[in-house]
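*Asks:* Respectively, the protein sequence lines represent chains E and X.
Per the UniProt record's numbering, residue 1 is the first one in the first sequence, and the count goes up by one each step.
Per the UniProt record's numbering, residue 1 is the first one in the second sequence, and the count goes up by one each step.
Calculated from the structure, these hints are not laboratory results.
The structure displayed is predicted, hence computed values, not measured ones.
Treat each hint with caution, since some may be false.
Stated by the list, open to error - Derived list of chain E stretches under chain X, where covered just means 3 residues or more per stretch with a C-beta under 8 angstroms from a C-beta of chain X:
1. 69 to 76
2. 273 to 282
To be verified - Cβ-Cβ distance ranges computed for the label pairs, FRET-style:
3. E:Leu304 to X:Ala35: 14 to 24 angstroms
4. X:Phe238 to E:Pro56: 36 to 46 angstroms
5. E:Thr101 to X:Asn125: 40 to 50 angstroms
6. X:Ala28 to E:Arg191: 50 to 60 angstroms
7. X:Gly274 to E:Arg141: 32 to 42 angstroms
8. X:Ala176 to E:Leu304: 23 to 33 angstroms
9. X:Pro215 to E:Arg141: 54 to 64 angstroms
10. X:Pro360 to E:Ala176: 57 to 67 angstroms
Quick reminder that beta carbons are idealized off the backbone N, C-alpha and C, glycines included.
2 protein chains.
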Amino acid sequence: MMTNSLTVVGAGVIGLACAWRAAESGVAVTVLDPAPASGASWVAGGMLAPVTEAWPGEEELLELGVASVARWPGFAEELVAASGRPAGLRTEGTVVAATGTGDRAELDALAVYLGRLGRSVERLNGRELRRLEPALGPDVRGGLSVPGDLAVDNRVLLAALRAAAQRAGVTIVERAVRAVLDDGSRVTGVRTDDGDVQAGAVLVAAGAHSAGLHPALDGLVRPVKGEILRIAHRPGAFPPPRRTVRALVDGRPVYAVPRDDGGLVLGATQAELGFDTEVTVGGVRDLLRDAERILPGIAEYALLESAAGLRPGSPDNLPLVGALGPDGLLVATGHHRNGMLLAPVTADAVAALLRGEPVPDPVRAADPARFSYARR
Amino acid sequence: MMTNSLTVVGAGVIGLACAWRAAESGVAVTVLDPAPASGASWVAGGMLAPVTEAWPGEEELLELGVASVARWPGFAEELVAASGRPAGLRTEGTVVAATGTGDRAELDALAVYLGRLGRSVERLNGRELRRLEPALGPDVRGGLSVPGDLAVDNRVLLAALRAAAQRAGVTIVERAVRAVLDDGSRVTGVRTDDGDVQAGAVLVAAGAHSAGLHPALDGLVRPVKGEILRIAHRPGAFPPPRRTVRALVDGRPVYAVPRDDGGLVLGATQAELGFDTEVTVGGVRDLLRDAERILPGIAEYALLESAAGLRPGSPDNLPLVGALGPDGLLVATGHHRNGMLLAPVTADAVAALLRGEPVPDPVRAADPARFSYARR
Chain E
1 MMTNSLTVVG AGVIGLACAW RAAESGVAVT VLDPAPASGA SWVAGGMLAP VTEAWPGEEE
61 LLELGVASVA RWPGFAEELV AASGRPAGLR TEGTVVAATG TGDRAELDAL AVYLGRLGRS
121 VERLNGRELR RLEPALGPDV RGGLSVPGDL AVDNRVLLAA LRAAAQRAGV TIVERAVRAV
181 LDDGSRVTGV RTDDGDVQAG AVLVAAGAHS AGLHPALDGL VRPVKGEILR IAHRPGAFPP
241 PRRTVRALVD GRPVYAVPRD DGGLVLGATQ AELGFDTEVT VGGVRDLLRD AERILPGIAE
301 YALLESAAGL RPGSPDNLPL VGALGPDGLL VATGHHRNGM LLAPVTADAV AALLRGEPVP
361 DPVRAADPAR FSYARR
Chain X
1 MMTNSLTVVG AGVIGLACAW RAAESGVAVT VLDPAPASGA SWVAGGMLAP VTEAWPGEEE
61 LLELGVASVA RWPGFAEELV AASGRPAGLR TEGTVVAATG TGDRAELDAL AVYLGRLGRS
121 VERLNGRELR RLEPALGPDV RGGLSVPGDL AVDNRVLLAA LRAAAQRAGV TIVERAVRAV
181 LDDGSRVTGV RTDDGDVQAG AVLVAAGAHS AGLHPALDGL VRPVKGEILR IAHRPGAFPP
241 PRRTVRALVD GRPVYAVPRD DGGLVLGATQ AELGFDTEVT VGGVRDLLRD AERILPGIAE
301 YALLESAAGL RPGSPDNLPL VGALGPDGLL VATGHHRNGM LLAPVTADAV AALLRGEPVP
361 DPVRAADPAR FSYARR
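Here chain E stands alone, though its shape is the one from the complex:
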């Protein structure tokens, strides 16, 4: 599909990144969102961590993530130049910590699995891990060092993407889209809270809200609730880690992503409860308990914020990036836990599609048509 104008539904990290890239390549872009740069993108922890997120059976997602994290430093550099703002990238890397024997066995299995895929990770004992990150507590008995798994300050990133998009000529309109309209074969526009708007090409990048926007997306994206805490170092408290710290605590995953200002984002619970963004007592209790097991010094930190976001889950945990349904409909959604990570490859893929070119190789696995075949 070649087009010179595009309506993007959703101003989260995916919508803004795609809008910026499309506008840079000469497309006239309008983005519609009732609250730009909010939702899951605003709540997110910001891990760019395909290797430590790897899961047996999800090799295509690992390849896609590895391609995108490799793309990240260049993407960040381009974004800084385009926006005149920092992009929020942190390149200190990631450590994974385990407490009990079960947790260590699970990390060992992950290391073996990654080794078989040719992605060796460094296994460390507790002392070696604490030498890297003295903030790790005595309950940490072993783990991994994965310097290639990075992180980004999601809020700094969103501000930069918004600025870059606007500098490139993107129009951002604060309005809710209720549906993508078509005439049976072609997209004709979008239905907003404020009337219908004509459009020949529409990109749905509405995260967890995508499924309700067009019948072709029905059942393909569901909300996966995640609760997160933002905490910050206080004078006299033990300094925060420099690397992203992921951990397994009695089988429960927890992470702490450092920010440049001494902040830490603790995450994340996972629950499928529909469009529920209330933070629960039990969720906060679990996050605090598990994070304190790994980083005991945070007891003295300030608790700044608790929030819940809705990750856009897909049936196979791979995103949906490509054409779907009527002519003129593109989707870039279903990124689940990986929206920040996959923003660069997703934006590149959408830009390629808009130029009428095929998507880059690892993005092919994300072709949303894979579900259309299954449905027939």
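Guided by the hints, dock chain X onto chain E, whose structure is given.
*Replies:* Okay, now just chain X, sitting in the frame of chain E:
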């Protein structure tokens, strides 16, 4: 001191209650506060609980509190009539729950102490307590029922006090006061962020910030930080208690104060860290852990808010209500954990002083001159 005009420094529960009462008795009142109805009054849990707060050696505070809680229903009725708004009073009473044997022994000692003062409280075992409040968990082994200890929704109360004060002709000015000014023998005005304002009579009701306003208050009021959580029932979760629930959990006090809308206020930590209002990870962790031990159903509740307030602590835990220092200076501060409870008697006492009458009997113990004698 008889006066027909008064400048009140501080628009918390004490400042607003005093301003309303003074204005009703014909005094022209101006209240100065950079952020009316905020601070400790906004953060508070709202217990009106002199008996379950009782502490050996603090009999004068107990008498003062008992006098004020007896005054509360009438005060609330008058406030509803004066403001045209609800006052937020809840009359369901209070239960105190204990978990371990040490906690039960401590409650038994409290019951014996109160009995000796002629204030018998009902001792209940775990089953009896759960019959009153099914939300209490199986770890609760015994405790007390104290129907006369009440509660108030502090935010509803503040709105009513503000409305009543304004209806009575009080002027509320959003401005910070830095000092009370005098000529060596008489009050002459207040120094604000926006210049000096003349005043012949000033009431300092600035809570934890009172000590810095005049040399006569130096060292008499200090900030005592308290962290608090606001949670709310969610569909499907176990219903909240109807009564205020206080508890000792392994020696740590915790309370849950119900609100009419299904909310619960969990509190409160206690720490002396100066003017520090950051909520800490450790404080929230303790509150959640201890409250869940007593009310396990709250795990499914929504966490709405975490906040810290600064209680105005006094050297002997009694408030300071009366004349102090130069002529024309009144103070109503140092209420520590009991600002909501003591608002009715404090406002009555200040109104009496403004009419040139002596304060009611139990308020005499709060005469701030008690510290002047000690200093000589």
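*Asks:* Each hint needs a verdict: does it hold in this structure or not?
*Replies:* For each hint, the structure was consulted:
Requiring three or more residues with a Cβ within less than 8 angstroms of a Cβ of chain X, the coverage given for the segment 69 to 76 of chain E is violated, as only 0 such residues are present. For the segment 273 to 282 of chain E, the proposed coverage by chain X is satisfied: 5 residues have a C-beta within less than 8 angstroms of a C-beta in that chain, meeting the threshold of three. For the pair E:Leu304 and X:Ala35, the supplied restraint of 14 to 24 angstroms holds, since their beta-carbon distance comes to about 20 angstroms. Our hint of 36 to 46 angstroms for X:Phe238 and E:Pro56 holds, since their Cβ atoms are close to 39 angstroms apart.
With their beta carbons about 42 angstroms apart, E:Thr101 and X:Asn125 fall inside the hinted range of 40 to 50 angstroms. A beta carbon spacing of about 59 angstroms between X:Ala28 and E:Arg191 agrees with the range 50 to 60 angstroms that was offered as a hint. Take X:Gly274 and E:Arg141: their Cβ atoms lie about 39 angstroms apart, and the range 32 to 42 angstroms holds. The hinted range of 23 to 33 angstroms is satisfied by X:Ala176 and E:Leu304, whose Cβ atoms lie roughly 25 angstroms apart.
Our hint of 54 to 64 angstroms for X:Pro215 and E:Arg141 holds, since their Cβ atoms are close to 58 angstroms apart. Checked against the hint of 57 to 67 angstroms, the C-beta distance between X:Pro360 and E:Ala176 comes to roughly 59 angstroms, which is consistent with it.
When the structure is compared with the earlier hints, a violation turns up for hint 1 alone.
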